[in-house]
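J.: Chain by chain, the residues run as shown.
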Amino acid sequence: MSPILQGLITIIVGVGGCVGYFFASNWILDKVIFPARNDDHGRNVNRATMVRPWLFLFPAIFALGLYLVYPVIGSFYRSLFNRAGDEFIGLGNYTTMFGEEGFRTAFFNNMLWVLFVPAAATFFGLLVAQLTDKLKWGNIAKSLIFMPMAISFVGASLIWKFVYANDPDIGIINAVRDSMGLDPVDVLQLPFWNNFFIMFILVWIQTGFAMVILSAALRGIPEETVEAAIIDGANPFQVFFKIKVPQIMGTIVVVWTTITILTLKVFDIVYAMTGGNFDTEILPSYMMDFMFRDDGRATAVAFVIMIIVLPVMIWNIRQARKEMN
Amino acid sequence: MTDLALSPPLSRPWGRLALRWLLFTLLGVFALFYLMPLFVMVTTSLKSLEEIRTGSLIAFPREVTFEAWKTAWSGACTGIQCEGLRPYFWNSVVLAIPAVLISTFVGAMNGYVIAQWRFRGANLIFSLLLFGCFIPFQVVLLPMARMLGILGLAGSIPGLIFVHVIYGIGFTTLFFRNYYVTIPSELVKAAKVDGAGFFRIFWSIFLPLSLPIVVVTVIWQFTQIWNDFLFGVSFSQAGTQPVTVALNNIVNSTTGVKEYNVDMAAAIIAALPTLIVYVVAGKYFIRGLTAGSVKG
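Residue numbers (the working numbering), protein chains in the order written: chain A, 4 to 328; chain B, 5 to 300.
Next comes chain A alone, as it looks inside the complex (with noise of 0.2 Å):
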């Protein structure tokens, strides 16, 4: 079957089945269950009222349901098994995982990443937005700033790949150090720095994110508080630090928790890179060696990258319903 052909069935199969679904449920739910004639129309037609929302609800609640509540709890349930899956060691994956050397260094390197990557990103973003305000051209720079935005992790790994090759010809690293009569050096070997280079691709692209941001939140600062430091007397970067910077915290906050959140669930860069190897190995792309292998190692991985991630997803989602409120 050609391609195209599967894709427009699965369209019409898909699309067709949600809107007979939300069809056929509204028409059985007037007509049939609670149909709004006799003596009962009014009493009918509120019960039909409550109902509906449910009804409605129902596929994606059932979808969250069933692919995010359970897979936790059975995710949760399978790191207790052994690798085949058909003996219960308790925490056994656990406990053999933390005594691991791989393991160990996996978390070190994503505690780095967690240290790392929000905070240079949301700097060199806060930056740019604060150089860029007011700026005729700024909206330009902005916009190729964010381009790597809209490229896949795999593909940014891929051009960032290109750059650190130990190639002179090809790398632009080593190009420069070429020309300066300097050995090339392989940087995703070099011990530990390599993690900060494979680190700062995601900062690359995150940057451009935390700018947009930041740049809309500088905006919405009252001018009346800038003007009157500056009429105080203050240098432009006491009104960015003292004036500015105070009155965006809270965007600048949620901006690093969003990155944070990412950072930890990110494994595409490590793996296109290095593939975990040269101790670069963080707790995804450790959990990636794992998976279909012994299933009960790489589940208890995924839930110490769960724990490690929930305060902060708990302290956004809080933020966010605040929000929306």
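A few of these clues could be false.
Said to hold, decoys possible - Label pairs and their computed distance ranges (CB to CB): (1) B:79 / A:54: 19 to 29 Å; (2) B:66 / A:317: 53 to 63 Å; (3) A:54 / B:212: 19 to 29 Å; (4) B:90 / A:20: 28 to 38 Å; (5) B:203 / A:326: 39 to 49 Å; (6) B:284 / A:45: 44 to 54 Å; (7) A:36 / B:154: 41 to 51 Å; (8) B:185 / A:239: 38 to 48 Å; (9) B:66 / A:225: 34 to 44 Å; (10) B:125 / A:86: 37 to 47 Å; (11) A:199 / B:74: 30 to 40 Å; (12) A:34 / B:85: 35 to 45 Å; (13) A:30 / B:125: 16 to 26 Å; (14) A:239 / B:212: 40 to 50 Å.
What the hints assert, rightly or not - Here are the simulated DSS-like pairs of lysine-lysine, each with C-alpha atoms no more than 30 Å apart in a straight line: (15) A:137 / A:247; (16) B:287 / A:268; (17) B:196 / A:247; (18) A:247 / A:145; (19) A:139 / B:74; (20) A:145 / B:193; (21) A:245 / A:139; (22) A:137 / B:287; (23) A:268 / A:139; (24) A:34 / B:193; (25) A:325 / B:262; (26) A:34 / A:137; (27) A:137 / A:268; (28) A:145 / A:34; (29) B:262 / B:74; (30) A:247 / A:325; (31) B:287 / A:325; (32) A:268 / A:325; (33) A:34 / B:196; (34) A:34 / A:139.
For the record, the hints were derived by calculation from the structure and aren't laboratory data.
Since the structure is predicted, the reported quantities are computational estimates derived from the model, not experimental observations.
Each residue gets a CB set at the ideal place from its N, CA and C atoms; glycine is no exception.
Following the hints, position chain B against chain A.
T.: Chain B only, in chain A's frame:
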């Protein structure tokens, strides 16, 4: 009066000038830093391998050739197969379009229900949706793989569509919900008084107003699904892999001579659809990404 009041900073023109130059230099360095990789990628993809070997990395190509693009599209090797990116590119197209449409549609329905039909338990669902937006997908990988196996969708494109729809619903619902709460409830009440039903209200009041949010949602979903790697690498098999997975295989395959120009052309081809969307509809693109992060 105002001129007088603002005079202190203006009275130091040298300081201002120096600051201005500092600002421009800083921005220049930034632009270089952020754009150099993209620039090198495009120029290298247009060079021949011999020209790359001459070590003129940052120069424009002396002779523009699209050979590398052709090879990347239809001849580059992903492991043992040498069909280029083309089949995988189509996989991604066939995968992304239905997944985007279905998740957007379900999101619109759900967003409408949550925003305008107040009912008990809405808050719980709301939290659940946000949870779905932020959860590290690593946690759901293995149970999902088993589920796809049970449904008979393991390793297939419909299976991937299914996964993307499920995990897209959280975001699409929130997008529509946040948009629909801004529609005045008086409008809905008036329509109800006039006897309009649930669907009628959605169809005649909400849908005509929805164009901007539909565009934002479609772009967001498309970018997410097109750029996805984790689900692609976990739930596909040879032949059903999306373009991101194939790209990684092409560049990281170790056989033969490293054809840098082909690799770079492949990276551009794989990024092209989302880049085009960004160039054509940048405003909506940015709005989607920022809305997706939950504004502060």
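J.: Decide if the proposed pair is consistent with the structure: residue 137 of chain A and residue 287 of chain B, CA atoms, cutoff 30 Å inclusive.
T.: holds, 19 Å
J.: Quickly compare the C-alpha distance for residue 34 of chain A and residue 193 of chain B to 30 Å and report which way the hint goes.
T.: holds, 22 Å
J.: Please work out if residue 139 of chain A and residue 74 of chain B have their alpha carbons no farther apart than 30 Å.
T.: violated, 40 Å
J.: State, for the Cβ atoms of residue 36 of chain A and residue 154 of chain B, whether the hinted interval 41 to 51 Å holds or is violated.
T.: Taking Cβ atoms as reference, residue 36 of chain A and residue 154 of chain B lie about 31 Å apart, which means the hint is violated.
J.: For the pair we were handed, residue 145 of chain A and residue 34 of chain A, check the Cα-Cα distance against 30 Å.
T.: violated, 55 Å
J.: Does 35 to 45 Å hold as the CB distance between residue 34 of chain A and residue 85 of chain B, or does it fail?
T.: violated, 55 Å
J.: Keeping to a limit of 30 Å between CA atoms, is the pair of residue 247 of chain A and residue 145 of chain A held or broken?
T.: Roughly 20 Å between the alpha carbons, so the hint for residue 247 of chain A and residue 145 of chain A holds.
J.: Given the hinted pair residue 145 of chain A and residue 193 of chain B, is their alpha-carbon gap at most 30 Å?
T.: The given pair, whose Cα atoms are some 43 Å apart, is violated under the 30 Å limit.
J.: Holds or violated: are the alpha carbons of residue 137 of chain A and residue 247 of chain A at most 30 Å from each other?
T.: holds, 15 Å
J.: Sort out whether residue 325 of chain A lies within 30 Å of residue 268 of chain A, counting only the CA atoms.
T.: holds, 25 Å
J.: Could you check the hint for me, namely that residue 30 of chain A and residue 125 of chain B are 16 to 26 Å apart, CB to CB?
T.: holds, 24 Å
J.: Can you tell me whether the CB distance of residue 54 of chain A to residue 212 of chain B sits inside 19 to 29 Å?
T.: Given a distance of about 27 Å, which is inside 19 to 29 Å, the answer is holds.
Violated hints, in rising order: 1, 5, 7, 9, 12, 17, 19, 20, 23, 25, 26, 27, 28, 34; the structure is consistent with all others.
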